[in-house]
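K.L.:
Letter by letter, the chains look like this.
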Amino acid sequence: MSLARRQAVISLIVWTAILVGMVIDLSAAGLERFSDPGNHYYRGILAGLLLPGLALNGWLGMRQRRARRAGELDERDEQVARRASELTLIVLAIVVFTVGVVLWEVYKGGPGAPAAWFYVLAYATVVLLSLIHAAARLICDLAGSADA
Amino acid sequence: MPKARIGNRVRELREVRGMTQAALGGMCGCTRQTIIMLEQEKYVPSLSLAFAIARAFGVGVEDVFQPKGPRRRSADPP
Numbered sequence: 001m002s003l004a005r006r007q008a009v010i011s012l013i014v015w016t017a018i019l020v021g022m023v024i025d026l027s028a029a030g031l032e033r034f035s036d037p038g039n040h041y042y043r044g045i046l047a048g049l050l051l052p053g054l055a056l057n058g059w060l061g062m063r064q065r066r067a068r069r070a071g072e073l074d075e076r077d078e079q080v081a082r083r084a085s086e087l088t089l090i091v092l093a094i095v096v097f098t099v100g101v102v103l104w105e106v107y108k109g110g111p112g113a114p115a116a117w118f119y120v121l122a123y124a125t126v127v128l129l130s131l132i133h134a135a136a137r138l139i140c141d142l143a144g145s146a147d148a
Numbered sequence: 149m150p151k152a153r154i155g156n157r158v159r160e161l162r163e164v165r166g167m168t169q170a171a172l173g174g175m176c177g178c179t180r181q182t183i184i185m186l187e188q189e190k191y192v193p194s195l196s197l198a199f200a201i202a203r204a205f206g207v208g209v210e211d212v213f214q215p216k217g218p219r220r221r222s223a224d225p226p
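Sequence order for the protein chains is Z and B.
With this note's numbering, letter number 116 in the first sequence gets 116, and the count goes up by one each step, no holes.
With this note's numbering, letter number 73 in the second sequence gets 221, and the count goes up by one each step, no holes.
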């Protein structure tokens, strides 16, 4: 397995685990009461969950720079990463747009959407960004490249 | 507009010379994975990589890479 593919798999596993942890944390606290002052414990866990993922992203970034200098990554890896970034942007935009429209549809008749939704949306965007990018890198890598 | 496809003889030329994919990748400055994708025609290399591969085989770039004709889409006229 090439370095680029191995990194994508590791990233996918770690960010999937973080997403699962996030869902468990949100379920335990309850979305409607997530922003209550007494629930700061769950909000702390949610913020803490991101740390290993962000540390991993930083480490992978440094490793990639070293690998590029050492010739372990080549032009195809760069092309795969570019294509994955394009795909990630499109998918993430669709997800955020859809969630926004759904929230509008659900809460338009009431006093307003619970503040927790915006907290969740902010954190979910970070998690999904890394998760979708890892999955897209893996898919593009297995497919060869965008223009073959 | 139909997209031009590029075929190649990388596997054939490599096997004739008894080279491994890793060795060819090392000579051209690319990874073994890229050579695999090239041989499966799932990747079209940059000009610089195409020239490096041709140089590694000691032939011209047109002896390794050839256009395969356009890939027609259903909307294109025959």
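FYI, nobody ran anything at the bench for these hints, they're computed from the structure.
Think of the CB as a built atom: it goes at the ideal place given N, C-alpha and C, for glycine as much as any other residue.
Hints are not guaranteed to be accurate.
[What the hints assert, rightly or not] Restraint ranges, calculated between C-beta atoms of paired labels, are given here:
id: 1; chain 1: Z; residue 1: Gly58; chain 2: B; residue 2: Lys190; range: 40 to 46 Å
id: 2; chain 1: B; residue 1: Ser194; chain 2: Z; residue 2: Val99; range: 37 to 43 Å
id: 3; chain 1: Z; residue 1: Met62; chain 2: B; residue 2: Val207; range: 21 to 27 Å
id: 4; chain 1: Z; residue 1: Glu86; chain 2: B; residue 2: Arg203; range: 27 to 33 Å
K.L.:
A range of 21 to 27 Å was offered for this pair. Does it hold for the Cβ distance of Z/Met62 and B/Val207?
P.N.:
Given about 39 Å between the Cβ atoms, the range is violated.
K.L.:
Confirm or reject the claim that Z/Gly58 and B/Lys190 have a C-beta distance inside 40 to 46 Å.
P.N.:
31 Å, violated
K.L.:
Quick check on a hinted range of 37 to 43 Å for B/Ser194 and Z/Val99, using CB atoms only.
P.N.:
Between B/Ser194 and Z/Val99, where Cβ atoms are some 39 Å apart, the hint holds.
K.L.:
Check the following: the C-beta atoms of Z/Glu86 and B/Arg203 are separated by a distance inside 27 to 33 Å.
P.N.:
Taking Cβ atoms as reference, Z/Glu86 and B/Arg203 lie about 32 Å apart, which means the hint holds.
The earlier numbered hints that this structure contradicts are 1 and 3.
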